[in-house]
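There are 2 protein chains.
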Amino acid sequence: MDGSGTGDLTIAERIRDDLHRFTPTERKAAHVLLANYPVAGLETTAEFAKRADVSAPTVLRFVSRLGFQSYPDFQRALREELDKQGQSPLAKKAYGSGEAGIGGPLAAFRDGLVDNIRETFRHVPAAEFDAVVTLLADRRRPVHLIGGRFTDVLAAHMTAHLRVVRPGVGHISGQPGNWRDQAVDYGRSDVVVMFDIRRYQDDLARLAGVAAGRGATVVLMTDQWLSPIARHARHVLSARVAVPSRWDSLTAMLALSEAVLAAVTERIWPDAEQRIQAIDGLRSK
Amino acid sequence: MDGSGTGDLTIAERIRDDLHRFTPTERKAAHVLLANYPVAGLETTAEFAKRADVSAPTVLRFVSRLGFQSYPDFQRALREELDKQGQSPLAKKAYGSGEAGIGGPLAAFRDGLVDNIRETFRHVPAAEFDAVVTLLADRRRPVHLIGGRFTDVLAAHMTAHLRVVRPGVGHISGQPGNWRDQAVDYGRSDVVVMFDIRRYQDDLARLAGVAAGRGATVVLMTDQWLSPIARHARHVLSARVAVPSRWDSLTAMLALSEAVLAAVTERIWPDAEQRIQAIDGLRSK
DNA sequence: GAAAATCTGTAACCCTCGTTACAGGAATTG
DNA sequence: CAATTCCTGTAACGAGGGTTACAGATTTTC
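So the sequences go chain by chain: G and V. Residue numbers for the first sequence follow our numbering, beginning at 1 and rising by one. Residue numbers for the second sequence follow our numbering, beginning at 1001 and rising by one.
Since the hints were made in silico from the structure, they are not lab data. Be careful, since some hints might not be right.
[As the list claims (entries may be wrong)] Restricting the straight-line Cα-Cα distance to at most 35 Å, the calculated cross-link-like pairs of lysine-lysine (DSBU-like) are:
| # | chain 1 | residue 1 | chain 2 | residue 2 |
| --- | --- | --- | --- | --- |
| 1 | G | Lys84 | V | Lys1084 |
| 2 | G | Lys50 | V | Lys1050 |
| 3 | G | Lys84 | G | Lys50 |
| 4 | V | Lys1050 | V | Lys1084 |
| 5 | G | Lys28 | V | Lys1084 |
| 6 | G | Lys28 | G | Lys84 |
| 7 | G | Lys50 | G | Lys28 |
| 8 | G | Lys84 | V | Lys1050 |
| 9 | V | Lys1084 | G | Lys50 |
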C-alpha cells in the first residue's frame, strides 16, 4: 500500500543500514537528513539540496535509491512516521524494540491510555475549555446530554454529576425518533452536549442540525478525527481514542469530561455545596 | 526573522488563542490541525482540506488569518518548530503541555489521572485479572452487571461491549427492590459483575450477598479502599479514584474495564468476529 | 596513461499544487 | 420579509517544484 513497502523499519534506520550503498554526495544528503530528522526531508528538494550542499537531482536519486517512487511519496512516509510517533512522544514501543514490549500486553495497553490522556490534554484549547465550563456552569441555561451507541454512557456520567450541582440538566433518552420531538422545543438558551466518536451516528448529526437550527448551543465531545457534528457545534473538545485493542478507548474522553466537571463544580461551588447538602438531607429521610 | 513575526508563541498556541476569530469551517480546520499537530499542516492543502472535510481555499484562508503570507510560509514555520523541538526530544514544553499553555489546575488534574492509571495497573494481580477475563470469556456463563449511583455507567459501558462479543449479558436495572427478584434465579454458573466505590451503597452489598448465597460468582470492581462487597466477591479488581477535585474519578476504573474488555475480546476473537459481522448484517438492513 | 564506467550538476520540461476570482448560499439585520 | 453582509465551495489560472535528459567531471580499471 505504501510507496516503499519495506518492512516496518523507520526511514532513519533504513538509511543507516543502506548508508554504504549510496554515492558520496548521496551520503552527504543522507547525513544531513539524519542530523535534521525528519525536518530536512519535509522541505522542498531545492531547500534540502541547499542544506546538504548538493544538487536537487542528487536528492531525488537519494530518495529513489531508498525505494520511493517519488519525492512526495517519500514525504508522505515521513509524515506518517511523525504522526505515529507524535501521538505518543515517549512511546517508541511500536518501533525498533520488540513489539511485545516490557511488561506484556497489559503494560502496552496502559501506556496507550496514558499517552492518550497526555495528548488529549495537550491539544485542549484553553479558550474552548473555558467556554464549555462557563456554559455548563450557567444554571439559567437548560442542558441536554446525549451520546452514541457506546459513548452514551459518558453522556449519562456527565448528566449524573451535573444534576448534583445544578438544576435543569437532562439526558436525552429513548428512541432516536423521539429525540427531535424534544429538540423542537430548544431555544437560544439551551445547551446540547453531544458525545460522538468514529463510526459516527448520523441520527446524532441530524439531531445536532435540528438543535443548532433552533438556536441552541451545541457542544461536541469527539475523537481526534472529529465527528460530522462539528459542523453544527459551537464548541468542540476532542480526545484520543486509539489503543492496542479491538475497541476504541473512552478513557481519555472520560478524563476530559471529568476535568470539565471538576472545573464546573469549582466555578459554582458555593451554590453547589448548598445544593448537595439539600440533596443529602432528602436522601437520609 | 520568521515569516510571521508574531512573538514566539507556538503556532498551536496561537491557534488556540485565536480560535474565536475563525469562521466555522476555518475552526474545523483548526481543530483538525490541533488534533493532528503538526502533521496535518505539513500535508498539501488538498490533503489537509480533505482531512478536515473543507475546501482547499478554506484552508488557505485559515492560514492567512493566522498571519502567514502563504501556505509554504506556514509550513516553513511548522518545520522550524518541529526542528527546535526535535533537537531536544524530551523538551515537550514547546507545545501546550507545559506551563505556557493552560497548565495550572488542568495539568495537575491530568497528572492525577495518569498517576491513578499507573498505580491501578501496577497493583493489578495478574492471576486475578486473568481469572476475570476467563470468566467473562466463557459464553456458557450468564453475566449480569450493575453499579452504584455514579459507577453504574461503567456497568452499562461493559454491558454494551460484552453484548457485542458474546451472548447472555444483561444489565441489572430498575428499582433496587427488584434487583433481588432477579438474583433469586442465579445459580452456580452465573457471574455478577458489580461496580462500587466509596460512599458504598448498602443495597448493592445486599444484592451481592444474595447472589453469592445462591452460588453465583461475584466479581467486584472497586476503589483502593475496597467496597464491603469484597466480602462476597470471588474476584476483586481495584482502581484509584482520588484526584484534585470535588469528585472521585472513574477514569482509572474505566481504564481497567477497557483492559479487561480488550483481553476478553482477544481471547474469544474468532467467535466474536463472526458475531460482530452478524450484528452488522442486521444493522444494515 | 588511456579508456570506460560512474558520478554529479545544469538546464529545460511538465505537472501538480497554491492561489484567486466569482458565484451560490447561509446567516444576519433592519 | 427583504436586503445586505458574510461565508464557502467551484473552477480556472499561474508559478514553483519535481522530474529528466544530457554533458562535463571524476574516478576506476586495464
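Each hint, compared with the structure:
For the suggested pair lysine 84 (chain G) and lysine 1084 (chain V), the alpha carbons sit about 19 Å apart, so the restraint of at most 35 Å is met. Straight-line distance between C-alpha atoms of lysine 50 (chain G) and lysine 1050 (chain V) comes to about 32 Å, which keeps the hinted pair within the 35 Å bound. For a cut-off of 35 Å, the pair hint linking lysine 84 (chain G) to lysine 50 (chain G) stands: about 29 Å separates their Cα positions. Restraint check for lysine 1050 (chain V) and lysine 1084 (chain V): the C-alpha separation of about 29 Å stays at or below 35 Å, so the hint holds.
For a cut-off of 35 Å, the pair hint linking lysine 28 (chain G) to lysine 1084 (chain V) stands: about 22 Å separates their Cα positions. For the hint pairing lysine 28 (chain G) with lysine 84 (chain G), the CA-to-CA distance comes to about 27 Å; that is within 35 Å, so the pair holds. A threshold of 35 Å between alpha carbons decides the hint, and for lysine 50 (chain G) with lysine 28 (chain G) the separation of about 11 Å falls inside it, so the pair holds. Annotation: proposed proximity of lysine 84 (chain G) to lysine 1050 (chain V) holds, straight-line Cα distance about 19 Å (limit 35 Å).
This hinted pair checks out: lysine 1084 (chain V) and lysine 50 (chain G) have alpha carbons roughly 20 Å apart, not beyond 35 Å.
Checked against the numbered hints above, the structure violates none of them.
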